[in-house]
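Protein chains in written order, with numbering that gives the first Met the number 0: chain H, 0 to 443; chain E, 0 to 443.
By construction, these hints were calculated from the structure, which means they are not laboratory data.
Since the list gives no way to pick one copy over another, a pair counts as held whenever it fits inside one copy or between any two copies.
Within a straight-line C-alpha distance of at most 27 angstroms, the following computed DSS-like cross-link-like pairs (lysine-lysine) qualify:
(1) Lys-70 with Lys-357
(2) Lys-367 with Lys-80
(3) Lys-367 with Lys-81
(4) Lys-368 with Lys-81
(5) Lys-385 with Lys-70
(6) Lys-111 with Lys-385
(7) Lys-357 with Lys-81
(8) Lys-368 with Lys-70
(9) Lys-70 with Lys-367
(10) Lys-42 with Lys-146
(11) Lys-357 with Lys-80
(12) Lys-111 with Lys-80
Number of protein chains: 2
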Amino acid sequence: MKASISLLQRASKHIDKYALYVPKDGVFPKGFKVASHATGVKKNGNLDLGIIRNVNTSRKASAAALFTTNKFKAAPVLVSKKVLQVTGGEGVDAIVVNSGCANAVTGDVGLKDAQEIADLVNAKLGKENATLVMSTGVIGQRLSMDKIVPAVSQQFEGAGNSNFKDDFESWLNLAKSICTTDTFPKLITSRFALPNGTEYTLTGIAKGAGMICPNMATLLGFIVTDLPITPDALKKMLRSAADRSFNCISVDGDMSTNDTISMIANGAVDTAVIDEAHEYFPQVQQQVTEFAQQLAQLVVRDGEGATKFVTVNVKNALHFADAKIIAESISNSMLVKTALYGQDANWGRILCAIGYAKLDNLQSLDVKKINVSFVATDNSEPRELKLVVDGVPQLDIDESRASEILALPDLEVLVDLGTGSEECQFWTCDISHEYVTINGDYRS
Amino acid sequence: MKASISLLQRASKHIDKYALYVPKDGVFPKGFKVASHATGVKKNGNLDLGIIRNVNTSRKASAAALFTTNKFKAAPVLVSKKVLQVTGGEGVDAIVVNSGCANAVTGDVGLKDAQEIADLVNAKLGKENATLVMSTGVIGQRLSMDKIVPAVSQQFEGAGNSNFKDDFESWLNLAKSICTTDTFPKLITSRFALPNGTEYTLTGIAKGAGMICPNMATLLGFIVTDLPITPDALKKMLRSAADRSFNCISVDGDMSTNDTISMIANGAVDTAVIDEAHEYFPQVQQQVTEFAQQLAQLVVRDGEGATKFVTVNVKNALHFADAKIIAESISNSMLVKTALYGQDANWGRILCAIGYAKLDNLQSLDVKKINVSFVATDNSEPRELKLVVDGVPQLDIDESRASEILALPDLEVLVDLGTGSEECQFWTCDISHEYVTINGDYRS
Numbered sequence: 000m001k002a003s004i005s006l007l008q009r010a011s012k013h014i015d016k017y018a019l020y021v022p023k024d025g026v027f028p029k030g031f032k033v034a035s036h037a038t039g040v041k042k043n044g045n046l047d048l049g050i051i052r053n054v055n056t057s058r059k060a061s062a063a064a065l066f067t068t069n070k071f072k073a074a075p076v077l078v079s080k081k082v083l084q085v086t087g088g089e090g091v092d093a094i095v096v097n098s099g100c101a102n103a104v105t106g107d108v109g110l111k112d113a114q115e116i117a118d119l120v121n122a123k124l125g126k127e128n129a130t131l132v133m134s135t136g137v138i139g140q141r142l143s144m145d146k147i148v149p150a151v152s153q154q155f156e157g158a159g160n161s162n163f164k165d166d167f168e169s170w171l172n173l174a175k176s177i178c179t180t181d182t183f184p185k186l187i188t189s190r191f192a193l194p195n196g197t198e199y200t201l202t203g204i205a206k207g208a209g210m211i212c213p214n215m216a217t218l219l220g221f222i223v224t225d226l227p228i229t230p231d232a233l234k235k236m237l238r239s240a241a242d243r244s245f246n247c248i249s250v251d252g253d254m255s256t257n258d259t260i261s262m263i264a265n266g267a268v269d270t271a272v273i274d275e276a277h278e279y280f281p282q283v284q285q286q287v288t289e290f291a292q293q294l295a296q297l298v299v300r301d302g303e304g305a306t307k308f309v310t311v312n313v314k315n316a317l318h319f320a321d322a323k324i325i326a327e328s329i330s331n332s333m334l335v336k337t338a339l340y341g342q343d344a345n346w347g348r349i350l351c352a353i354g355y356a357k358l359d360n361l362q363s364l365d366v367k368k369i370n371v372s373f374v375a376t377d378n379s380e381p382r383e384l385k386l387v388v389d390g391v392p393q394l395d396i397d398e399s400r401a402s403e404i405l406a407l408p409d410l411e412v413l414v415d416l417g418t419g420s421e422e423c424q425f426w427t428c429d430i431s432h433e434y435v436t437i438n439g440d441y442r443s
Numbered sequence: 000m001k002a003s004i005s006l007l008q009r010a011s012k013h014i015d016k017y018a019l020y021v022p023k024d025g026v027f028p029k030g031f032k033v034a035s036h037a038t039g040v041k042k043n044g045n046l047d048l049g050i051i052r053n054v055n056t057s058r059k060a061s062a063a064a065l066f067t068t069n070k071f072k073a074a075p076v077l078v079s080k081k082v083l084q085v086t087g088g089e090g091v092d093a094i095v096v097n098s099g100c101a102n103a104v105t106g107d108v109g110l111k112d113a114q115e116i117a118d119l120v121n122a123k124l125g126k127e128n129a130t131l132v133m134s135t136g137v138i139g140q141r142l143s144m145d146k147i148v149p150a151v152s153q154q155f156e157g158a159g160n161s162n163f164k165d166d167f168e169s170w171l172n173l174a175k176s177i178c179t180t181d182t183f184p185k186l187i188t189s190r191f192a193l194p195n196g197t198e199y200t201l202t203g204i205a206k207g208a209g210m211i212c213p214n215m216a217t218l219l220g221f222i223v224t225d226l227p228i229t230p231d232a233l234k235k236m237l238r239s240a241a242d243r244s245f246n247c248i249s250v251d252g253d254m255s256t257n258d259t260i261s262m263i264a265n266g267a268v269d270t271a272v273i274d275e276a277h278e279y280f281p282q283v284q285q286q287v288t289e290f291a292q293q294l295a296q297l298v299v300r301d302g303e304g305a306t307k308f309v310t311v312n313v314k315n316a317l318h319f320a321d322a323k324i325i326a327e328s329i330s331n332s333m334l335v336k337t338a339l340y341g342q343d344a345n346w347g348r349i350l351c352a353i354g355y356a357k358l359d360n361l362q363s364l365d366v367k368k369i370n371v372s373f374v375a376t377d378n379s380e381p382r383e384l385k386l387v388v389d390g391v392p393q394l395d396i397d398e399s400r401a402s403e404i405l406a407l408p409d410l411e412v413l414v415d416l417g418t419g420s421e422e423c424q425f426w427t428c429d430i431s432h433e434y435v436t437i438n439g440d441y442r443s
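Chain H with its partners taken away, still in its complex shape:
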């Protein structure tokens, strides 16, 4: 009983994530406007509908998206997939998101509802196949169309579409409108210059916070930019960025029916269009990957009930796939995650999770070559605390230093396989009492 109380007390010492991770201002790409609304689907009256519009008319926008691989794909996933297939990613001008209801496993009626929302926005835009739809929330319940449809219409009323804005507050509200169990809205912005001397802007929004698993989670994310780029190049870039960001995070190992990461590039900055062969393509890809990593990390930081942000760094593997599956196995282990929560230096569980990783190729794991350390991410010394050296467990580990590192809200688990030069970083969090509370009563 004593342990229980001490852990609960520890969990109650919340970090003020809102203050830490929600920006006070930002830079936003040209030619995008947003609106959000509280339709009443969320019982608490919070914002639950958001619309992003491309209002640039100088050229057609490019869009790309990655969807869940879950076999029960939600209706909005099916509808959005079709839009991208039909258009080839050209001319998509709006994303409509609702939270509170996932419109998943709702059969034909759910598909009809999602299509109706897309059609409504298309009609308002005077275009066809120009709208992506996304939903997040409870599975298996029908959308409250009586609340959502009038709310969508209402956004397009008023002279000059005055409900759509591009100020910081409006973007932050958009980020709020897609939240479910998130404790803070996830909004990041960035400006970068290419060698042509021109600056472009990226804005990213995401929601977590449970069902987070490699190959995407109950994760909605979108990135918009004013860079001009072809649909094919955008798709390639998004796939690569997601493989190094949204596909490298874990909260609870569940993969949802609704996961969608999408990107719209409207080319509102009037420079030459970038394609895959363009000399700037690698640099843009790098920028977008780092940006996606920042956004994905925010999702882990807001993992349901999480008190810790942990980077699992697996390096010197013979194959990248092996490094990734080992990082994933550690990141998903319930026993590693609860030990991290309890600040228990039970590093044996880390080795255990490495040991049951389903390796494609055994060559990356040599139990005589493995090194495992905890690494502090503040400036304290010694930065690296070696737990296993060349396969030999260090039986005289400095437990007080281990406790210091484990008490940090940010820390790293470093695994050096010593068999090659490939590496993979994964981002994960601990599993707390609060996680159980949130997910035990989610629908209530």
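With chain H fixed as given, assemble chain E onto it according to the hints.
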């Protein structure tokens, strides 16, 4: 905060598992004797050393075992594996188990320690390669040989090995001596007759209670019987039984470094030796499988912090492997397990887990044919509450009946794939606040 309190209150209403699942007496096979001892490895002074001996001398005993597939195999696993390789499973007369320390990831020194214990018992028995060793507890710490070695020796002192007994109390103490976070010792016994008119006895002992995952868990289990059977037939029988029992349970999805299920058949009942071709073999196999299922289910019932025992029954699959992986995916889902804890009829999470199961063959899953129900296991009606019928979610589910079923300590999740005739049953439990508490502070 309200949800948190209500869930904690619910969790505190503990079922008295000890009274429900610990037998008051039992039947034990001829020719086995046991001893147990508190060596002081467990800080609380509880029993932490157990020895089973075959004392039948009419013929050589047969032994078989299945070990963890974790790549970091604990020292006792490596030592025991070698014993079975060298002997072909013939003439193994003792199993020594310690709890409190897993002797895993302890390198060469750990291997030496495990071998020393086996050698000590061999010397006491006056035999070679006759002892299996098992350990369970914290990973990465060295065995306290100063406590264990004298305690092992001590058991063999006294006239006529008087420390070894075959009464109910001694068997129950043996079951207690292998517990770690278990809340009750797991001991079952059974007597069955073959058509030859002779009765044979099975006694099974197991420990859980976390790190429980398909393909065995931090699970130690042994079954002893006085049936005469060849080592090869025993091995085949144990493999088949484990595939339908210990490999069909899930507590938290972690697989340990120490998992071992072993069986010794000493043939103390003097009838013809059974081999794979024997007419009674299928019947014996059936008996042992059902017995192993009972034992495996006890491990789930004592899942760390578990408040519910859930049978996941996937039927009418095209392939058995598909049925198993779908059952496993549901059984391991954190979101399904927390919803069960919260008694939340969030069946969408069940479909979600089915949807991300890594199917070998997609043919077993047709989203238009799937049926999902909650099934009550008491005598209340309607026994089956249909949630999804032929792929169509039932939007007017009787939520009060759903709540009644979810409030039961035992319930079934039934998935009918409607694509074939194969089926698989899995046994799982919920994930509670208590699970997090236990695993956050395990080493303390």
